[in-house]
Amino acid sequence: MAIPIEMPKLSDTMEEGVLSAWLVDEGEEVSSGDILAQVETDKATMDLEAFDEGILLKKMIEEGDAVPIGQLIAVIGEEGEDISDILSEHDDGTGAAEEPEPADESSDDAAAQTPDTDAVEEPVGDGQLSDRTPEPVPAGTDAEGRRIKASPLARRIADEHDVDLLQVDGSGPEGRIVRRDVEARIEERERAPEPAQTPQPAMETPSYDLPDDEALYESENISQMRKTIARRLAESKYSSPHFYLTVDIDVERAVELRSELNELAEQQDRAKISFNDLITKACALSLKNHPYVNASYLADEGEIRKHNHVHIGIAVAIDEGLITPVVRNADRKGLTEIARETRELAERARNRDLEPEEFEGATFTTSNLGMFGVEEFTAIINPPNSAILAIGEIRDTPVVEDGEVVPGKRMKVTLSCDHRVVDGALGAQFLDSVRSYLEEPMNLLL
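For the sequence shown, my numbering assigns the number 446 to the last residue and increments by one with no breaks.
Keep in mind that the hints are not guaranteed to be accurate.
Stated by the list, open to error - BS3-like mimics (lysine-lysine), calculated; alpha carbons at most 25 Å apart, straight line:
1. Lys288 with Lys306
2. Lys288 with Lys412
3. Lys272 with Lys306
4. Lys227 with Lys288
5. Lys9 with Lys272
6. Lys272 with Lys412
7. Lys237 with Lys227
8. Lys333 with Lys272
9. Lys306 with Lys237
10. Lys59 with Lys9
11. Lys412 with Lys237
12. Lys272 with Lys59
Since the hints were made in silico from the structure, they are not lab data.
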């Protein structure tokens, strides 16, 4: 019996997925556990695994297509099996799931039929493109002369084989460069090495630039991750009544402790501890004492949910946007374990290689821009959290102690609070707890 393969929900915030690459061709046999394709979600590029065995009878979408959760993307079954019932069942009225009608060569009206512009035919045997095959987009640009569009898999293969995407024609939707385009370029290069470039005679450089409206901007498609960031943070900002609390923390002792701990870590070949690890631990311990900051306002359920576990989400910037890998049960872990886990999660986040359980379920979030020289900022709450801590840089500054001006080290942190759950006094008490841990950092080791 033929089995439909639908776009799965691969993260809690996913609404649609982009099929980055097919890894199995039609007619190939697949077994349970085989990877059929790669799907780009709002958080990561993930493998689409087969749970049944059979023949991949039909691919319903092309590489680069974005489809909503639940849409039919392929059919597995026995060779020659009739799949018309499945296609009819998943036909949404747009005709996307319909089998193409065979051409009736005897019909007088055949020549007058309107071409199906959604269908993409393979090049005919003589190497010419059929009338319905989209024209390849000029290398390195789309039809409007804008930036390169390429799937993540195509970019990775191009990087691995040192292929310049500017020299690759895109055959995917809207000129998107897909895997087959890069592989074709690699084969072409291997067959016929590019001739040495003939030096061009020197030309006089004009003293002024010609006006070119097309060069005034670059545009790119909105990624799945960027769509989700825009939607979720807009919902948070507009639906959660934010207020902000800022404190200036004396981090002199925390800086000294971190230096001492890292000397020991180096001697014992352990992960070095960052200042962010100290803050993660300080927040985790403080959240245990302030359960309403470690809570969620769930309007649909009609409840405020106080979490029994402390899972700290740490904002990590990647090329496509932000992702928050989660250090689970951070209150129960030592600094070395937090440091090692945070480093591993951040590296995998940058490679978009996280599993859903590694970036979902945070009960509180931190965001650190101190390494960029940002002294102070406010962050938007990551729903369904009720608060987020924005961390600024550690700065040397003159301070007054016992009536004298002396050098000191300070760091500003700002807590964004959802006023539906966290009141001003509660937020201030939580911040005071975080400050106490960082100003007396030995308490983080107890």
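A quick look at each hint next to the structure:
1. Lys288 with Lys306: Distance ~11 Å between Lys288 and Lys306 Cα, so the pair holds.
2. Lys288 with Lys412: holds, 22 Å
3. Lys272 with Lys306: Roughly 33 Å separates the two Cα atoms, so the pair is violated.
4. Lys227 with Lys288: Answer violated: Lys227 to Lys288 is near 34 Å, above 25 Å.
5. Lys9 with Lys272: violated, 37 Å
6. Lys272 with Lys412: holds, 23 Å
7. Lys237 with Lys227: Cα-Cα ~15 Å, so holds.
8. Lys333 with Lys272: Holds, at roughly 15 Å.
9. Lys306 with Lys237: holds, 21 Å
10. Lys59 with Lys9: holds, 19 Å
11. Lys412 with Lys237: holds, 22 Å
12. Lys272 with Lys59: The hint is violated at about 48 Å.
In the structure shown, a violation is registered for the earlier hints numbered 3, 4, 5, 12, in ascending order.
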